[in-house]
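So the protein sequences, as listed, match chains A and B.
Going letter by letter, the first sequence gives residues -8 to 308 in the working numbering.
Going letter by letter, the second sequence gives residues -13 to 420 in the working numbering.
I should point out that these hints are in silico values taken from the structure, not numbers from a laboratory.
Backbone N, C-alpha and C fix where the C-beta goes; we use that ideal spot for every residue, glycine too.
Keep in mind that a hint or two might mislead.
[As the list claims (entries may be wrong)] Here are some chain A residues the structure puts well away from chain B; computed CB gaps all over 10 Å:
{"#": "1", "residue": "P189"}
{"#": "2", "residue": "S190"}
{"#": "3", "residue": "V287"}
[What the hints assert, rightly or not] Distance ranges between label pairs, derived from CB positions:
{"#": "4", "chain 1": "B", "residue 1": "S247", "chain 2": "A", "residue 2": "H109", "range": "36 to 42 Å"}
{"#": "5", "chain 1": "A", "residue 1": "A251", "chain 2": "B", "residue 2": "R7", "range": "42 to 48 Å"}
{"#": "6", "chain 1": "B", "residue 1": "E127", "chain 2": "A", "residue 2": "H109", "range": "26 to 32 Å"}
{"#": "7", "chain 1": "A", "residue 1": "M265", "chain 2": "B", "residue 2": "R239", "range": "46 to 52 Å"}
{"#": "8", "chain 1": "A", "residue 1": "G196", "chain 2": "B", "residue 2": "G65", "range": "49 to 55 Å"}
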Amino acid sequence: MNIAPKSSFVLSRRHLLGIEGLSRDDISGLLDLGEEFVELNRQVEKKRTSLRGRTQINLFFESSTRTQSSFELAGKRLGADVMNMSVGQSAMRKGETLIDTAITLNAMHPDILVVRHHASGAVELLASKLDCSVINAGDGAHEHPTQALLDALTIRRNKGGIEGLLVAICGDILHSRVARSNIILLNQMGARVRVVAPSTLLPPGIERFGVEVARDMREGLNGADIVMMLRLQRERMNGSYIPSLSEYFHYWGLDEKKLAYAKPGALVMHPGPMNRGVEIDSIVADGVQSVIREQVEMGVAVRMAVLEALSRNLPNA
Amino acid sequence: MMLSDRRPILLANARIVDPSRDFDIVGDLLIADGTIREAKKGIGAAGVPEGTDVIDCRGKLVAPGLVDMRAFVGEPGAGHRETLASASQAAAAGGVTTIICQPNTSPVIDDPATVDFVLRRARDTAIVHVHPMAALTKGLEGKEMTEIGLLKAAGAVAFTDGDKSVTNAQVMRRALTYAGDFDALIVHYTEDPDLVGDGVMNESEFAARLGLLGIPKAAETVMLERDIRLVALSGGRYHAASISCAESLDVLRRAKDAGLSVTASASINHITLNENDIGPYRTFLKLSPPLRAEDDRKLLVEAIDRGLIDTIMSDHNPQDVETKRLPFAEAAPGAIGLETMLTAGLRLVHSGEIELIALLRAMSTRPAEVLGLPGGTLKSGAPADVIVVDLDMPWVLDPLDLKSKCKNTPFDEARLTGRVVRTIVAGRTVYEYV
């Protein structure tokens, strides 16, 4: 059963720290590879050996269920030894600096480190101190490259391509690394991107990211092929950026009425975890246009693709 | 009762002044079906509809009803001070056809249900138009912005924390930014509470002689300057609620020159009185912001004449005996003003300090424009909110004649010239001086 993937794509870099800097060919190569893993993951025998003998450490300074388990499964299916470290158990809680943690981990000779950190730029900082490959699993409000890749794969499989589509990214753009990675990727692949949010949730200068900007959903969703909702980071919201969850839902929450502004058959996406009744109505989240569950499936495949493509570049590969 | 009559009305042979279009003629104004039909010479001579009530207004002024951007009405929660009914009676007697009531009530007007309550209550009890402003922050606490979108949809015409300043600049910035998405107007009281401290009147030699702690003008300019910079950052629509001193005018001018969406009000008190009127500790002249020096007053009037200050408001604030008959420092600030704002303003016209049309513009056309309301004009098709004024009638103000529930007027026993003789709201006469 252990057949090498047909695609021989190699990501010619040591780390995947962001979508920024990836070429169109890089993105297509990763998506093609991901496509193969989707098929593999639907079989009974899901195991590959391309990462056999490799050590993958998932270092999560910020709790995450789906991303961490997705990376864990991806690594295991490719045959790597996977270790999960979360901040709760780590020495960081005892005051160790990020750099010291890096030096300590480096001494254990991992091959691939998957890192999530609450501070923008922290993953890059770690990568500069380590000898192994580093994959950014989300740093602050900066980037979340594998999320953008899995979103792209979901779109490509449903719409046959990405170029020329109008993608509306809605909600808390300000705090969202998902939005930033997606904006870069979708622009690179030739999609039209529109961000939709109250002004308080838009970063200053967003109009120079190569996106259209809309403040209301009617205008924002008009003609959209894809409606990508973002999670409202509720813990920092009330009264500060928006007045209340109910007002937010009233004006920016995706319900059937607002979805009707988009093109018929537009896809509804959400990176999860969802706040039902805040940014999205259950009827829409679970409706026929929703591909939210498919996004989770694509997540494992795309992460396998990233691990595979990076591992082909590792020493002794 | 004739007051509810909706027959057409012809105000004949009047001096008609419409500041919304620099219109000043002697002629007739025809009102029918609650709206203004037309204003020109000779309507009466050409024949009016059957049943028209023809009122001879020879020698009198006809102008748009006043729109008062800032009046405290006690409902809900302080009906002993003023109700929507009593405030509207006072307004009608003063020529005010639209009251904008303030949200610092009990409970605070900070949710759509309370806006709805005020609107219903006004519909049932008030004889002039009433529109509430809603709170800018929940509970007027200056911490979390209110549901600006839903409140505006419910009928709030602007957002303000009443007589409180939002001291947290981040809260103010976000509120301005967010309000901009709904094209909502933020009306902000500009007075830094820390600089006010325990001050009770203008910081000056006079205050020192009275042995009263002063409030520096910087308390106002610091906050206004901060706000203008936040408006520049966020691009919201901003209105300074009550400007009291000359230094603020420079700040305003710069904001307007920079093209920011900034407007401002001054109260009738600040353009007709100064700190010396406090005299022997008269608590009816204890106001927030405090009355300033005569030079400030003069420059405020000039700023209104030139349009730098957009609107004059009453700052109507009824206080009863137990909050006013106290030593100056302990008395509550505020004065009533709905009933006297026009007549007090006419003092400035009679003394030649301001053009009549400029005064009327600042009391009717501009506030309607700033708030996006339909009044403040005599153009054909506009709502028939109209006043008839005898500009030259001399009278002495007897507080007992005032309609307001509280009598804390700074014009107690004042000799005045000019008074409203008829007030028409939506084509119906709601007040007549006999």
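Each hint, compared with the structure:
| no. | hint | verdict |
| --- | --- | --- |
| 1 | P189 | violated (5 Å) |
| 2 | S190 | violated (5 Å) |
| 3 | V287 | holds (33 Å) |
| 4 | S247/B to H109/A: 36 to 42 Å | holds (37 Å) |
| 5 | A251/A to R7/B: 42 to 48 Å | holds (44 Å) |
| 6 | E127/B to H109/A: 26 to 32 Å | holds (29 Å) |
| 7 | M265/A to R239/B: 46 to 52 Å | holds (51 Å) |
| 8 | G196/A to G65/B: 49 to 55 Å | holds (51 Å) |
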